[in-house]
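**Q** Protein chains in written order, with this note's numbering: chain A, 52 to 453; chain B, 2 to 126.
If you're looking for bench data, these hints aren't it; they were derived computationally from the structure. Take these hints with a grain of salt, some might be off.
One-sided and incomplete, this derived list gives chain B residues near chain A with beta-carbon spacing under 8 Å [as the list claims (entries may be wrong)]:
# : residue
1 : Glu14
2 : Pro80
3 : Ala104
4 : Leu118
To list a few chain B residues with every Cβ distance to chain A over 12 Å, as calculated [unchecked claim]:
# : residue
5 : Ala74
6 : Ser92
7 : Ala94
Now the stretches of chain B that chain A is said to cover, found in silico as 3 or more residues with beta-carbon under 8 Å [to be verified]:
# : stretch
8 : 15–29
9 : 107–115
Beta carbons are placed, not taken as given, at the ideal position from N, Cα and C, and that holds for glycine.
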Amino acid sequence: MTQYIQNPALWALLVVTLVAVALTVRQRGTARKLRQEIAGLRNHYGELESQYSESVHTAQREAEGETRTALKSAMRTLQGLAAEQQRIISGLQRKYGDSVMLQDLLEIDHMNAQFGRRAQSIAVLCEGWLGRHRDVASVYDVVRSAQGRIRHFQRAQILSKVDFGVTSRAVEPVALALAELLDNATSYSSPDTVVEINVRTVPKGVCIVVDDAGVGMNEEEKARAEKLLTSERATGVSGLGNPPQFGFAVIGVLCERFGFTVSVDSTSPYGGVRAVVLLPDELLTSMPEPKQPTASVDPAPPRDVPAQVDAGPSAYENEPEPSLPVATTDDGLPKRRRKRPMALVSTGPSAASGTPKRRSEETAALMAAFKQGTDAGRATHPEAAERPSSTRDASSEGHEVQ
Amino acid sequence: MNDADKQDLEATELVRPYVITNGRSLPRESQFSLITLVTATADEQQRPARLSPEEQNLLRMCVGGYLSVAEIAGHTQLPIGVVKILLAALSEAGYLVSRPPVARAPVANLQLLEEVLHGLQSKFG
Numbered sequence: 052m053t054q055y056i057q058n059p060a061l062w063a064l065l066v067v068t069l070v071a072v073a074l075t076v077r078q079r080g081t082a083r084k085l086r087q088e089i090a091g092l093r094n095h096y097g098e099l100e101s102q103y104s105e106s107v108h109t110a111q112r113e114a115e116g117e118t119r120t121a122l123k124s125a126m127r128t129l130q131g132l133a134a135e136q137q138r139i140i141s142g143l144q145r146k147y148g149d150s151v152m153l154q155d156l157l158e159i160d161h162m163n164a165q166f167g168r169r170a171q172s173i174a175v176l177c178e179g180w181l182g183r184h185r186d187v188a189s190v191y192d193v194v195r196s197a198q199g200r201i202r203h204f205q206r207a208q209i210l211s212k213v214d215f216g217v218t219s220r221a222v223e224p225v226a227l228a229l230a231e232l233l234d235n236a237t238s239y240s241s242p243d244t245v246v247e248i249n250v251r252t253v254p255k256g257v258c259i260v261v262d263d264a265g266v267g268m269n270e271e272e273k274a275r276a277e278k279l280l281t282s283e284r285a286t287g288v289s290g291l292g293n294p295p296q297f298g299f300a301v302i303g304v305l306c307e308r309f310g311f312t313v314s315v316d317s318t319s320p321y322g323g324v325r326a327v328v329l330l331p332d333e334l335l336t337s338m339p340e341p342k343q344p345t346a347s348v349d350p351a352p353p354r355d356v357p358a359q360v361d362a363g364p365s366a367y368e369n370e371p372e373p374s375l376p377v378a379t380t381d382d383g384l385p386k387r388r389r390k391r392p393m394a395l396v397s398t399g400p401s402a403a404s405g406t407p408k409r410r411s412e413e414t415a416a417l418m419a420a421f422k423q424g425t426d427a428g429r430a431t432h433p434e435a436a437e438r439p440s441s442t443r444d445a446s447s448e449g450h451e452v453q
Numbered sequence: 002m003n004d005a006d007k008q009d010l011e012a013t014e015l016v017r018p019y020v021i022t023n024g025r026s027l028p029r030e031s032q033f034s035l036i037t038l039v040t041a042t043a044d045e046q047q048r049p050a051r052l053s054p055e056e057q058n059l060l061r062m063c064v065g066g067y068l069s070v071a072e073i074a075g076h077t078q079l080p081i082g083v084v085k086i087l088l089a090a091l092s093e094a095g096y097l098v099s100r101p102p103v104a105r106a107p108v109a110n111l112q113l114l115e116e117v118l119h120g121l122q123s124k125f126g
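This is chain A alone, in the form it adopts within the complex:
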């Protein structure tokens, strides 16, 4: 044993072993430390990464929100201007209704409606203002309103109607969604084809079916459309592609907000797209009363309409109700007209039946009124001629006498 102790090799071996052990221990420690460090770094990196993506998202959202707000208020202005312009055009159309200028006014009106619709679509995507309040309207009128908002509206033909109205809340969204569908239908089909619109009653409500004879959509496009029409779409104006395609995104937002559905996954009989708008019962109501009668008893008829027309309602009001039992059927007004013009051009037997049964005093009063009227008509100073009551009396009573 001692010889081993004295053997330097043993000592050397021992030293080496000790050094090796010490080294190993140290190495292990370092490795552990390193491992810990790596794990820490990894955590840190992960944290940073998630923070980064979070902040990117936030920035994106903020940017999106800002864009949306900016666009929303810009569109609000444009929409307001378009609406105002539409009112002015309406006024002009009345004012110059009898001139050749009307043709151009109608065209300007059409352009303005398209412009308004564009602004409205973008506003919808930005959760903005949809438009002013509308009264209850028939499904037919809503479809025609939609028709008026696209460029080639003559190509859209409404083939069938239903006797339903759309609730006032849904008039504008349905019209806008349908306008987008019609725009797609007319844009993606050849200019000489017709886009058919059929309105049908179904157990769940009313369907508006739009059939075009266009090229149709491939599977990819259908999938994209389906995605946009459901809630999976991106919000806001991003992700609409380049050039941006608003149509389906707008429809999707409107569907979600107002509770109707649109599907475009079927093929039309002409090989194009068949788009179906399903209006549930909640959005439907009974047919609105025809607007005409309320409009024609309007106290302020357009100034340009000749006095002859002006005479109509007042003369009608003056007539005793009981003698005209059928006068208030649908429009009220037609009844009076049936009698009067016939007397005017003497179409035979009915003229005799229209003979007035008046007392002599009344006749005299009428004659006096007549004279007053003709005097007023002859008056050279304008204020006498313009006085509505006198002209009205004059012409209406003038009719009576004949």
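Fit chain B to the known structure of chain A by using the hints.
**A** Chain B in isolation, oriented as in the chain A frame:
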């Protein structure tokens, strides 16, 4: 501003006039003047359901007698030109017939009218 303007501020018509006319252009000036008289042809049953509500309204209005274009326009609340376009389309389709206005009567003799009036007043008044 009067009531009509106030009403206008609320909303314009849902269906614009160019949709009602379906983009047709104005008829010739000679075809319809303000005082051209229009009436519906006899067969009421043959009217197709395809006509727009405005067209049907016009036809309903013109049944049974002659109406002047101006009068029709006044009752429909549509611009006169729009009514003319609709009337032209309806005439073309054979639902309406029009005739030139009744010739304008010569200006009444005021003296004669006054004499008649006096006569009537002395008789009834």
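**Q** Name the hints, by number, that the structure is in violation of.
**A** 3 and 5
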